[in-house]
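**Q** For the protein sequence lines, the chains are A and B, in the order given. With UniProt numbering as the guide, the letters of the first sequence map in order to residues 1 to 225. With UniProt numbering as the guide, the letters of the second sequence map in order to residues 1 to 420.
Accuracy of the hints is not assured; some may be wrong.
[Unchecked claim] Computed spacing ranges between beta-carbons, pair by pair:
# : chain 1 : residue 1 : chain 2 : residue 2 : range
1 : B       : GLY403    : A       : GLU89     : 25 to 35 Å
2 : B       : LEU263    : A       : ARG152    : 25 to 35 Å
3 : B       : ARG176    : A       : GLY56     : 36 to 46 Å
4 : B       : LEU203    : A       : LYS119    : 54 to 64 Å
[Stated by the list, open to error] Under 10 Å between C-beta atoms, here's a sample of chain A residues computed to sit facing chain B:
#  : residue
5  : GLN22
6  : ASP85
7  : ILE88
8  : PRO100
9  : PRO102
10 : HIS104
11 : LYS153
12 : LYS171
13 : SER173
14 : SER188
15 : GLY217
16 : LEU218
17 : GLY219
[To be verified] Each computed EDC-like pair below joins lysine to aspartate or glutamate, with the alpha-carbon atoms no more than 16 Å apart:
#  : chain 1 : residue 1 : chain 2 : residue 2
18 : B       : LYS279    : A       : ASP85
19 : B       : LYS337    : B       : GLU302
20 : B       : LYS235    : A       : GLU107
21 : A       : LYS120    : A       : GLU73
The set of hints was computed from the structure by calculation and includes no laboratory data. Just so it is clear, CB atoms sit at the ideal spot from N, CA and C, and this is done for glycine as well.
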Amino acid sequence: MKILLVEDEPEMAQSISHSLTQEKYVVENAYTLQAALEKIHIYEYDCILLDISLPGGSGLTLLKELQKINKTEGVIIISAKNSLDDKIEGLNLGADDYLPKPFHLAELHARLKSVLRRKKFEGTNLLTLANTTIDLQNRMVFIDEKEIVLNRKEYDILLYFVSNKNRLVSKTSLAEHIWGDRIDEADSFEFIYSQIKNLRKKLQDNGARISLVAVYGLGYKLVTE
Amino acid sequence: MKLSSYTTTYFSLALLGIISIWSVLFYLAIIDEVYDSIDDGLENSKILILRRASQDAAVLQKTEFGESNYRIQPVSKQAALAATDQYQDTLLFMVNENDYEPVRMLKTFFHQQDHYYQLTIITSFVESDDLIEDLFYYLFWLYAVMVVCVVFINQSLLQRIWRPFYKLLDTLKEYRLDKPVPLAFQASKIDEFNDLQESVSKLLQNNLQVYQSQKQFIENASHELQTPVAISLNKLELLAEKSELTEEQAMLMESVIGNLEKLTRLNKSLLLLSKIENKQFTQEQDIQVNAVVTKLLAEFAEQAQFKEVTLHLETKGELHQRMNKDLLEMMLSNLLKNAIIHNVKNGFVTVVIHPNQIAIHNSGPAQALDPDKVFKRFYKASASSQSTGLGLSIVKAIADLYGLKLSYQYEQHHRISIDF
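Starting from the given sequences, assemble the full structure and let the hints guide the process.
**A** Encoded structure:
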């Protein structure tokens, strides 16, 4: 999978590309709008991570250019501006998602996977990990062909872990992904703990060969046996 | 005390003093003039009577006043020579008044053909108590009329002169730095007022500039903080993923991450506040508030269940409002979140929707919060280290933006209401 990272802040770009490379993505960096425009004309990418405020102009220009040359790369806007207008305009110009900075890398991975799935595997909406299969379209989970019933939050949690398999998912990242900022932070951890306990039990009871392991106080990690 | 009442009081007191002193002097002057005139009259009568007595000896026989105003009585030589002319005030029975009335009396002595006589002439005199009474009566009315005039002049003339001042005062009472309106500068004939208006105008301009640069500073600062915080968080996450961490290191890292995340939340809330105050949410639409509340209550259902708090909705009417949808949702969800978090086990949260009001009642610690502080930034009733203390100020900022009235009350339970 080839990703174009358009981000002018070198340290930020370094962290993101480091994390993406670990997940076996091929990452190319563009630090200016001009460099990014040149690259999209020459190469094909599976997904573009696009900052809005760039030296040389707004990232939205790149979205317009993509439309003009009929390219359908997945685009996730990553912006520190967190401005509603940018979000609406970006999505109208064909961006697939909008991720305000600062974000958790786990969240970026989940969004990226979701965009890639939509772009690349249209039709096949099944996600398989060991003996566990997730039907994304119908929001159903099967273990060895047998359906297990998860509530809405449990399903969201599982999908988030699957998108971040073998990676540490921090408690706050999970809380923000599942509940947004609706819930109080202190409560959300207890809440998450109880949901994860239930999810673990369901996976274990049904003989799933994936499990959620706690990483000290930091969070959890999904591992396959 | 109002300026006009103040001046009226002073004028009235001054008038009272002036008129009192003046009335005494006036009375004395009049009385003096009256004495003078009456005594002249008596003197004149005396000369006339003496002249008649020298021609007509019958006059000397008139020893009683009777119908006339003099009497003549013979006296000894010694007494006559020892005495001089004497003017006296005395009382005499008046037939018409059926009472003793004051009279002015002149006693004088003369001799005719070696006989000595005392001549007494009287003339009716003004009744000084009546005079004083009349004088007092008229002066009182003069005083009253003057006070009325002073009041009238104050009310009409002074009010008119001070009108630019009061107008400025009214504008200043309404003036708010976060909602600046241009000062209606009204040129006045009075230099002091023009000066005042100009100075106030300059003062406000300066304050406005400071206020705006302060606001801008908060927004810029929060914005500039985003990137380094984001980088730090992501780097820490990368580090945490390396599994060689000991438990102790992991704990330390968790604490650092937790604090950085708190900083992020604070920063986001501050940015949001600045954006609301800088009116950066421009898209408005007609919203059915009832539907939004229903949706939010559903979203909070799980959290409420977890906290063992029951959610209720009472619909007393349909509430519609034209505003930014995200802001409305933010305002209501902040209130709901608050009501659920600061609650007790087996407590309740009740949302009551009226056609022009929404009220959120919730059980909680049985202690009223300070209504003056509850919507202030960084006000925390409980020492929850997770809370930013900005949730309710965001609600307040949104309410202010749309001119909605936000109030807090405590009657056995907490109640926050928004009047649309």
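**Q** Taking the hints in turn, state whether each one holds.
**A** Okay, the hints, checked on the actual structure:
1. Look at B:GLY403 against A:GLU89: about 29 Å separates their beta carbons, and that is inside 25 to 35 Å.
2. Look at B:LEU263 against A:ARG152: about 31 Å separates their beta carbons, and that is inside 25 to 35 Å.
3. The beta-carbon spacing between B:ARG176 and A:GLY56, approximately 41 Å, falls within the hinted interval of 36 to 46 Å.
4. One distance hint, 54 to 64 Å for the beta-carbon pair B:LEU203 and A:LYS119, holds here, with the actual separation near 60 Å.
5. Taking 10 Å as the C-beta contact cut-off toward chain B, the hint placing A:GLN22 at the interface holds, the least distance being around 8 Å.
6. Restraint check, A:ASP85 versus chain B: the minimum CB separation of about 8 Å is within 10 Å; hint holds.
7. At about 8 Å, the closest approach between the beta carbon of A:ILE88 and any beta carbon in chain B falls short of 10 Å, and the interface hint on this residue holds.
8. Among the interface hints, the one on A:PRO100 holds; its C-beta lies about 8 Å from the nearest C-beta in chain B, closer than the 10 Å criterion.
9. Because the smallest distance between the Cβ of A:PRO102 and any Cβ of chain B comes to about 3 Å, under 10 Å, the interface hint for this residue holds.
10. With a least beta-carbon distance of about 7 Å to chain B, the hint placing A:HIS104 at the interface is held under the 10 Å criterion.
11. Proximity of A:LYS153 to chain B holds as hinted, the smallest CB-CB distance being about 7 Å (cut-off 10 Å).
12. The closest approach between the C-beta of A:LYS171 and any C-beta of chain B is roughly 8 Å, which is under the 10 Å cut-off, so the hint is satisfied.
13. Satisfaction of the interface hint for A:SER173 is found here, the shortest Cβ-Cβ separation to chain B being roughly 8 Å, below the 10 Å cut-off.
14. At its closest, the beta carbon of A:SER188 sits 8 Å from a beta carbon of chain B; the interface hint therefore holds under the 10 Å criterion.
15. For A:GLY217, the interface hint holds, the least distance from its beta-carbon to any beta-carbon of chain B being 4 Å, beneath 10 Å.
16. Of the supplied interface hints, the one on A:LEU218 holds, with its beta-carbon coming within about 5 Å of a beta-carbon of chain B, less than 10 Å.
17. Checking A:GLY219 against chain B: minimum C-beta separation of about 8 Å stays under 10 Å; hint holds.
18. Taken as a hint, the B:LYS279 and A:ASP85 pair is honoured in the structure, with Cα atoms around 13 Å apart against an allowance of 16 Å.
19. At most 16 Å may separate the alpha-carbon atoms for a hinted pair to count; B:LYS337 and B:GLU302 meet this at roughly 12 Å.
20. At most 16 Å may separate the alpha-carbon atoms for a hinted pair to count; B:LYS235 and A:GLU107 meet this at roughly 14 Å.
21. Straight-line distance between C-alpha atoms of A:LYS120 and A:GLU73 comes to about 10 Å, which keeps the hinted pair within the 16 Å bound.
The structure fails none of the hints (numbered hints given earlier).
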